[in-house]
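Chemist: From first to last, the protein sequence lines are chains V and W. Residue numbers for the first sequence follow my numbering, so the first one is 1 and each next one is one higher. Residue numbers for the second sequence follow my numbering, so the first one is 476 and each next one is one higher.
No lab work stands behind these hints: they were computed from the structure. C-beta atoms are modelled at their ideal positions from N, C-alpha and C, and glycine is treated no differently. Among the hints, a few may not be true.
[What the hints assert, rightly or not] Derived BS3-like pairs: lysine-lysine, alpha-carbon spacing no greater than 25 Å straight-line:
# : chain 1 : residue 1 : chain 2 : residue 2
1 : W       : K524      : V       : K383
2 : W       : K497      : V       : K338
3 : V       : K436      : V       : K383
[To be verified] To be clear about the criterion: a stretch of chain W counts as covered by chain V if any three or more of its residues have a C-beta under 8 Å from a C-beta of chain V, and this derived list gives those stretches:
# : stretch
4 : 476-488
5 : 501-510
6 : 515-527
7 : 538-552
8 : 560-566
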Amino acid sequence: MKLHSLTAHQILELYKTKQASSKEVYDDVLTRIKTVDSKVKAYARLSTQTSAGEGLLSIPIAIKDNMCTQGEEITCSSRILKGFHPPYDACVIEKVKQSGGLIMGFANMDEFAFGSSTESSCYGPTYNPWDLLRVPGGSSGGSAASVAADETIWALGSDTGGSIRQPASFCGIVGLKPTYGRVSRYGLIAFASSLDQIGPLTKDVTDCALLMNIIAGYDQRDSTSVNEPVPDYTKALVNDVRGIKIGVPKEAFVEGLDPQVRSSVEAAIEQLKKLGAIVKEVSLPHTPYAVATYYIVATAEASSNLARFDGVRYGLRQSPTSVRKNALMDMYEETRSKGFGDEAKRRIMLGTYVLSSGYYDAYYLRGQKVRTLIKQDLDEAFKDCDVILTPTAPTTAFKVGEKISDPLSMYLSDIYTIPANLAGIPSISIPCGLSKEGLPIGLQLMGKAFDEEMLLRVCFTYEQNTPWHTKKPNL
Amino acid sequence: MITKDDVKYIAALARIHVAEEKLEDLTKNLTDIVGYVEQLQKLDLENVKPTSHAVPLTNALREDIVKPSLSNEQALSIAPEAKDGFFKVPLVIE
């Protein structure tokens, strides 16, 4: 039996009936990694853990390379953090370990999560298991590719503007960005603190609920963590959408949307209607401004968060070769210039610009105000519907190298995912089709704050009535 | 429109040294992106309040109880350079 190709809930069944042990599962997944990762390059590095432990939920997991794990090297796939061994575990890592989780390794990502293709990693790109000439999406591209390639059973990613959902869509798997504050960010190396959220990447919706049960919950060490009761998410796995109101924004089906993505998403809408959901048109008039707003807010926060990488306390220190200003200033500049890649430098500089004296009101303050309008649009739409449905991304996976020299066109691949981050609401991507080239297409649902259960219910129903979650790439 | 001098100025603020041969491309990239975000200027935002966090947050307070935290040794063990219990940096003042 190919244990690596199973879902977590299937493996848990095998554990229950003693048909497999966690050691067998661990060994099988490790063998799979050794067989295919030279092609996919989903992992930045494997865990130093060399054997399977025992626990209630001893399931192999891949961790995005931005979550602090004691005793391991964690780098955000950046040269500036090479050799960084965090002296503590992130909250989600504690929870994964407590559940018996088997950390297989640390998944490749765009440097500091800056990107939508996993090409900006200092380790080089990850490749899409469905077509090795294409990107897996990003920034959690390694996490998504590892799940799609059966190099893990499930994975954790982080999502600031679509970094879980867009790669989930490109790799044909399930990816959930929970409500802001639902999962503790303690120990997550920050990108944009008002937007970042950790979430699961899984092979199906049931696994998504199971992994949420492990990671969700209040944590005093993250001051943005919200003290709301955590439900048992598996109770939301109900195969019934009768009477559920699904809003479809008229702004979603616009220029730039791939016709094949459009027709798959429209077919999914028809399917949900057939299953008894009520589909209605809604309007989100300010969503066309979401990408512009995001690139002000997110880069401003990133420039501030990444100021800490200065060669003093951790990570890389580069000594200057010649004196330009003074020894300390030269060390900062040399370290940051050598340590950060091109996209990180661009974003830090853009963020510095929008926050700089004379531009703050024109850009940053304006961005924050448009953020209010985008959130109000969503609040208004949710008065009359339970979920909002759109494509996850305007296209299927693009080719490696296609957008790397044009940052703006890369940014536009997050056009559908960004609003949920700006509004702090939960949002999920599930597979809803394959293009004629055999590439996965993703469907996105957004929900009300702290109503992940509604997303899981609609997605579970859709999944039980469609074949897409069973499709696997030929590797 | 962002000029090469603007880019040099921003780079200095961000403590990043931009090599001369990268200046042209970076100036173009930033001009494109700033040009794109200019679309926000056409919105009327007169009575709109800014949102800094999607979830309304007040101060997150907790009891002031002493708990274990990283020791001096643990914190310094990952430092590029340390001496006498401190992070060591290049000479600042003669």
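Chemist: Looking back at the hints listed earlier, which ones does the structure fail to meet?
Modeler: 3
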